[in-house]
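Start from chain A and add chain B according to the hints.
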Amino acid sequence: MQHVSPIREPLVTGGKTYHDITQDVCRQVEAKPNVRWAAALAVALVGLAIFLYSVYRTLWYGIGEWGLNKTVGWAWDITNFVWWVGIGHAGTLISAILLLFRQKWRTSINRAAEAMTIFAVICAAMFPVLHMGRPWLAYWVLPLPNTFGSLWVNFNSPLLWDVFAISTYFSVSLVFWYIGLIPDFATIRDRATGPIARRAYSALSMGWTGSAKAWSRYETVSLILAGLATPLVLSVHTIVSMDFATSVIPGWHTTIFPPYFVAGAIFSGFAMVLTLMIITRKVFFLEHYITLEHVESMNKVIILTGSIVGIAYTTEFFIAWYSGVEYEQYAFINRAFGPYWWAYWSMMTCNVITPQLFWFRKIRRSLTATFIISIFVNIGMWFERFVIIVTSLHRDYLPSSWAMFSPTIIDIGIYVGTIGLFFTLFLLFCKFFPVVNMAEVKAILKSSSGVKHHTSHAKSMHGTAPESNTNTHHSNE
Amino acid sequence: MNKKFVLGIYDDEDVLLDAIENVRAAGTKIYDVFSPYPVHGIDDVLGIKRSRLPIVAFFCGLFGTSFALWMQIWMLGFDWPMIIGGKPHIAIPAFIPVTFELTVLCAAFGMVITFFIVSRLKPSFKVNVFDKRSTDDKFVMAIEVKEGVTDMSALNNLLRSNGAIEVNEKEVIK
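Here the protein sequences come in this chain order: A and B.
The opening residue of the first sequence carries number 676 in our numbering; numbering runs sequentially from there.
The opening residue of the second sequence carries number 9 in our numbering; numbering runs sequentially from there.
Read the hints as simulated data drawn from the structure, not as lab findings.
Each hint should be verified, as a subset may be incorrect.
What the hints assert, rightly or not - Here are some, though not all, of the chain B residues that point toward chain A, as calculated from beta-carbon distances under 7 Å: (1) 84; (2) 102; (3) 105; (4) 127; (5) 137.
What the hints assert, rightly or not - With a straight-line Cα cutoff of 25 Å, these simulated SDA-like cross-link-like pairs (lysine to any residue) come out: (6) 1106/A x 135/B; (7) 888/A x 122/B; (8) 178/B x 985/A; (9) 1037/A x 1075/A; (10) 888/A x 56/B; (11) 140/B x 869/A; (12) 12/B x 886/A; (13) 134/B x 886/A; (14) 134/B x 930/A; (15) 130/B x 846/A; (16) 888/A x 33/B; (17) 140/B x 704/A; (18) 130/B x 870/A; (19) 130/B x 881/A; (20) 779/A x 930/A; (21) 130/B x 1037/A; (22) 888/A x 51/B; (23) 1106/A x 888/A; (24) 888/A x 95/B; (25) 154/B x 30/B; (26) 95/B x 1091/A; (27) 888/A x 163/B; (28) 130/B x 1107/A; (29) 779/A x 52/B; (30) 134/B x 854/A; (31) 140/B x 854/A; (32) 130/B x 81/B; (33) 1037/A x 985/A; (34) 888/A x 685/A; (35) 779/A x 122/B; (36) 130/B x 704/A.
As the list claims (entries may be wrong) - Covered stretches of chain B, as calculated for chain A (at least 3 residues, CB under 8 Å): (37) 40-50; (38) 111-119.
Source: prediction; values computed, not measured.
Heads up, the beta-carbon is just placed ideally off N, CA and C, and yes, glycines get one too.
Isolated chain A (complex conformation):
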């Protein structure tokens, strides 16, 4: 009945049963908050307070609170926006693209990764909305009947494409995440003892009973949503890159941007997933579900995307030289050897050199090394966006309008603040929602745990087992 692959490592270790999975995942939701969680939330709330204060200053005194000037009219705001959106992409990649590729290792990390997507997009959305200066008029970006002004929105503008891309991405990700949560909410509902918890999870689980027909539809819906989310996630960062690529600015006006941005997004997103999951598995005792095998698989994605990003940096330099356009050439020389050389070389070191260490199996499977490198990648990808944006703007065609950019304390406050906002949301998610998708992990348990279950029924399983119906592991997968 059970086929244990001689090559692949089990994805669930520790001889878990279905009930153990329920227990291990629900424990965190049902128990009183532990001290480490409360301490982490306190730190995150400090970050959130910094965010609120910085937003208050920005709204009360205006965008002048930021370090922008006439030449560098876009700096940390758009850098942070692209950084956060990019981080979000790994969640969709794990839940959608790996579902289409039938990668079973996604099951225990997809829930948290999708949550990360949603929270990262919330953080990202703060920047363009705040940069509007009057966020209460943010609905003006929508094509509404024009009684407030005279015109429709400009559908030729990539900034408007962004509005549609980001809002579609956010809402479709939210729906995808929620559909996956429904069966798990039902599990928590059926275990709940307190009246508040029972009612809350009853409402959230939408009356889910787990009937065969509902599961059949659920699987269809998940598959189609994955099929829709896959081109969606690629379109989002493509459109984000077009914010730059469609402008006639040296260093921005290149066709390489869409694939280069998408690869960078996945790269930074996986780094953030690793940063979060290495902590989460430790704090919530999920080592048997998020194993070294998972970490190693993610590290392999990091080598791949990190190398793509490295090739993109080189290609940009080559094309700048090969184009023969002096402005383009200067933009790249200025990036590497101009006043912002330190940002450029930080980016190169963090994004191109450090991930290459993952070629060594020992480093790929070391949690400490992975954690440190994932932080490096997060920093590197932030610098990448800073380099692209600020170095291209600060010295463009007219030397008389050259300028430098330096962030104010409010710029820093908003950035640090969104990290606080992100972790506040993530920690609340960890406490009240099941961090691991129980239903999906149960579904792969028989084929991927490496432990034989239910031996008492071995007798009844003989002879009549329909081969096509079992969830056994096929060697060609």
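Quick look at chain B alone, frame taken from chain A:
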């Protein structure tokens, strides 16, 4: 009217699949099967037809595409034409990103809303679950009891001989 059900409880998906086949072969109608996760192959043995939700998604997507194109062409081409960057009023390539996004948005939401409606999923405080363990680690096969028609002991034997670890009765008050 109250309905009575016999519940066969199983703890292994392969045993369950065999049991479903044998119970159906014995001429017993299965009311429903509840499981903690989607069991592969259960659709075939229960005779569940393939869901038509992808068709819903397709047509909702098609609506999104047409709506987006109509909206952009009408707004920028007819309602308030304006020259933007010397391009034609109806610049189809520039309209593609928004068209794509609205296609995905309408397809996803149309399908998910349909899924909620056809599966009768809605937020409610009271949920009738036959056996609470079916969202944890047990597979529950429910068979409706018809007064005076169903032979209870034969049904009990049928379920037990096919690997049920427990056979329970449950009355549902309507």
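Going through the earlier hints one by one, which of them does the structure break, listed in rising order? 8, 9, 14, 20, 21, 23, 24, 26, 32, 34, 35
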